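**Student:** Read top to bottom, the protein sequences are chains U and Y.
Each residue of the first sequence is one higher than the last, beginning at 6 in the numbering used here.
Each residue of the second sequence is one higher than the last, beginning at 424 in the numbering used here.
By construction, these hints were calculated from the structure, which means they are not laboratory data.
Note that the coordinates shown come from a computational prediction; the quantities given were computed from them, not determined experimentally.
Note that the Cβ used here is the ideal one computed from N, Cα and C, for glycine as well.
Keep in mind that the hints are not guaranteed to be accurate.
[What the hints assert, rightly or not] So the derived list for chain U, only partly shown, Cβ under 8 Å to chain Y, looks like this:
| # | residue |
| --- | --- |
| 1 | 18 |
| 2 | 20 |
| 3 | 25 |
| 4 | 28 |
| 5 | 29 |
| 6 | 33 |
| 7 | 34 |
| 8 | 41 |
| 9 | 43 |
| 10 | 73 |
| 11 | 77 |
| 12 | 79 |
| 13 | 80 |
| 14 | 84 |
| 15 | 95 |
[Said to hold, decoys possible] Below, computed lysine-lysine pairings styled on DSS-like, alpha-carbon distance capped at 27 Å:
| # | chain 1 | residue 1 | chain 2 | residue 2 |
| --- | --- | --- | --- | --- |
| 16 | Y | 567 | Y | 609 |
| 17 | Y | 608 | U | 21 |
| 18 | Y | 609 | Y | 554 |
| 19 | Y | 587 | Y | 673 |
| 20 | U | 21 | Y | 554 |
| 21 | U | 21 | Y | 609 |
Here is what each chain is made of, one letter per residue.
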Amino acid sequence: MFTKVQHTLLNNFSLKLIAFIIGYGLWILMSAEHTTTVYMTVPVSFYNVKGYTIDAPETVNVRLHGKRNDLYTLSHKLAFHIDGNTLAVGKQSLFFESSLLFLPDTVTLIESIPKESTIEVRKTE
Amino acid sequence: MYNTVFWDFGIFSWRDCVEILFLSYALYGVSLWLQRDFQKPLLLYFYGYCLLFFTTHYAHLSTIHSLLLTLFPICALIFILLHQDTLQRNFVMLRNITPAEQVTEHWTELLIRSSLVAASNNKEIRCIIEKGDSLSTILTCPVKTDCHVNPGLLDLLIESSLFKQHAMLWLNKTGRVQGINCLWKKTSLETWLAQELKEREEWIQDALFFTSKTDALFFILHPTTRTYTLIAQGKLLERISAHAALKTIKQYLGLLVNNEIKGDLHVHKGATHASEQFFT
Numbered sequence: 006m007f008t009k010v011q012h013t014l015l016n017n018f019s020l021k022l023i024a025f026i027i028g029y030g031l032w033i034l035m036s037a038e039h040t041t042t043v044y045m046t047v048p049v050s051f052y053n054v055k056g057y058t059i060d061a062p063e064t065v066n067v068r069l070h071g072k073r074n075d076l077y078t079l080s081h082k083l084a085f086h087i088d089g090n091t092l093a094v095g096k097q098s099l100f101f102e103s104s105l106l107f108l109p110d111t112v113t114l115i116e117s118i119p120k121e122s123t124i125e126v127r128k129t130e
Numbered sequence: 424m425y426n427t428v429f430w431d432f433g434i435f436s437w438r439d440c441v442e443i444l445f446l447s448y449a450l451y452g453v454s455l456w457l458q459r460d461f462q463k464p465l466l467l468y469f470y471g472y473c474l475l476f477f478t479t480h481y482a483h484l485s486t487i488h489s490l491l492l493t494l495f496p497i498c499a500l501i502f503i504l505l506h507q508d509t510l511q512r513n514f515v516m517l518r519n520i521t522p523a524e525q526v527t528e529h530w531t532e533l534l535i536r537s538s539l540v541a542a543s544n545n546k547e548i549r550c551i552i553e554k555g556d557s558l559s560t561i562l563t564c565p566v567k568t569d570c571h572v573n574p575g576l577l578d579l580l581i582e583s584s585l586f587k588q589h590a591m592l593w594l595n596k597t598g599r600v601q602g603i604n605c606l607w608k609k610t611s612l613e614t615w616l617a618q619e620l621k622e623r624e625e626w627i628q629d630a631l632f633f634t635s636k637t638d639a640l641f642f643i644l645h646p647t648t649r650t651y652t653l654i655a656q657g658k659l660l661e662r663i664s665a666h667a668a669l670k671t672i673k674q675y676l677g678l679l680v681n682n683e684i685k686g687d688l689h690v691h692k693g694a695t696h697a698s699e700q701f702f703t
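Let the hints inform the model, and build the full structure from the sequences given.
**Tutor:** Pasting the structure below:
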């Protein structure tokens, strides 16, 4: 039994696979506290907009800098959250700033592409 | 889709892939090296250490985790020390401690005579003679004998149906037959030979490699030409007659008496097709 397990563990493909798994595990552990810069596509989300229709871009590309661990946690949760109460009816410019992303202190927004966008708020009939 | 998959694994750019592949390749190299120690399951110890390291991290056993991290250089050192076999073969050879032992008289002559008899029977004889460095770590020897050369023994061994021509007869410099059917323990690391030698037969490459690492002497008698090829110190002497081969072997092993040395020609490395040459 032990010999069979040993043989399976020690054949060449298994060696490569195990080396890859350990390598990946080590990399995850070692790189968690390192800072990095990433590009993400972030959805634009409006709240408090009952009775209004908004024409706005659905997503915005952003470049973020921060700890890898924090960026990994944020990657599926990040969005621009815009309060509909702060918007007026009609066409207007909307700036995609870091305050709209609710980022933790360890992560900073380097740039948004586009930086601003023209949106239109209309009352629903 | 690919983006999402990579992001799920925390891989944000091609740089991360390079880092992971680099670590994996290094670990694969270490694994291969540890696997080569057949005496101890070092690779399993290494996997155990890694498993413990990851487990302590994810189980938040921070003290043990820090301890494992701090002790890693010591563990690496222990692995290197335990990996005795490869270490000895690649860097330091074990030295033979030879007790005061009577050298079998004229064993070299008996060996040459037996090899010539074997050549008459169309048998090729390969022989490795151990001098100061132990060959036990670099040879696999399925049939160990450990007995002195005597007139009947060599003929009996060579004429045996179990005797393999392409394996080696292993002797030491006192005339003790250590074993028959011996083969080199080869690894992929041992492929450093010069380009011109890579085109030669495999046994020449092996003998050149291992004799350059040790002070052993290898010889082969070709039954068709009845000439010897001698290899020692990584040098090759080819087409040597039986008498010249005997003198060279005796001279190399330090078995020549003064009056035999007188008048002999000492040739340095370079000229390989002379009938009488010596390793200096």
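**Student:** State for each hint whether it applies.
**Tutor:** Hint check:
1. Hint status for residue 18 of chain U relative to chain Y: violated, with the closest Cβ pair at about 11 Å, above 8 Å.
2. Hint status for residue 20 of chain U: holds, given a least beta-carbon distance of 5 Å to chain Y, under 8 Å.
3. Interface hint at residue 25 of chain U: satisfied, since its Cβ lies 4 Å from the closest Cβ of chain Y, which is below the 8 Å cut-off.
4. Against a cut-off of 8 Å between C-beta atoms, the interface hint on residue 28 of chain U holds, since the closest Cβ of chain Y lies about 3 Å away.
5. The beta carbon of residue 29 of chain U comes within 5 Å of a beta carbon in chain Y, closer than 8 Å, and the hint placing it at the interface holds.
6. For residue 33 of chain U, the interface hint holds, since its Cβ comes within 8 Å of a Cβ in chain Y; the closest pair sits about 6 Å apart.
7. The criterion of a C-beta within 8 Å of any C-beta in chain Y is met by residue 34 of chain U, whose closest approach is roughly 6 Å, and the hint holds.
8. Taking 8 Å as the C-beta contact cut-off toward chain Y, the hint placing residue 41 of chain U at the interface holds, the least distance being around 6 Å.
9. Checking residue 43 of chain U against chain Y: minimum C-beta separation of about 5 Å stays under 8 Å; hint holds.
10. Look at residue 73 of chain U: its Cβ gets to within about 7 Å of chain Y, closer than 8 Å, so that hint holds up.
11. Hint on residue 77 of chain U holds. Least Cβ distance to chain Y is approximately 5 Å, under the 8 Å limit.
12. Because the beta carbon of residue 79 of chain U sits about 11 Å from the nearest beta carbon in chain Y, more than 8 Å, this interface hint is broken.
13. Against a cut-off of 8 Å between C-beta atoms, the interface hint on residue 80 of chain U holds, since the closest Cβ of chain Y lies about 5 Å away.
14. This hint is violated: residue 84 of chain U has a C-beta 15 Å from the nearest C-beta of chain Y, more than the 8 Å allowed.
15. A least Cβ separation of about 36 Å between residue 95 of chain U and chain Y goes past the 8 Å threshold, and the interface hint is therefore violated.
16. A distance of roughly 19 Å separates the Cα atoms of residue 567 of chain Y and residue 609 of chain Y; the hinted pair therefore holds under the 27 Å criterion.
17. Note on residue 608 of chain Y and residue 21 of chain U: the hinted pairing holds, with a Cα-Cα distance of about 23 Å set against a maximum of 27 Å.
18. Restraint check: the Cα-Cα separation between residue 609 of chain Y and residue 554 of chain Y comes to about 20 Å, which is no more than 27 Å; the hinted pair holds.
19. With a CA separation close to 26 Å, the supplied pair residue 587 of chain Y and residue 673 of chain Y stays within the 27 Å bound.
20. About 40 Å separates the Cα atoms of residue 21 of chain U and residue 554 of chain Y, which puts this hinted pair outside 27 Å; it is violated.
21. Using a Cα cut-off of 27 Å, the hinted pair residue 21 of chain U and residue 609 of chain Y holds, with the two alpha carbons roughly 21 Å apart.
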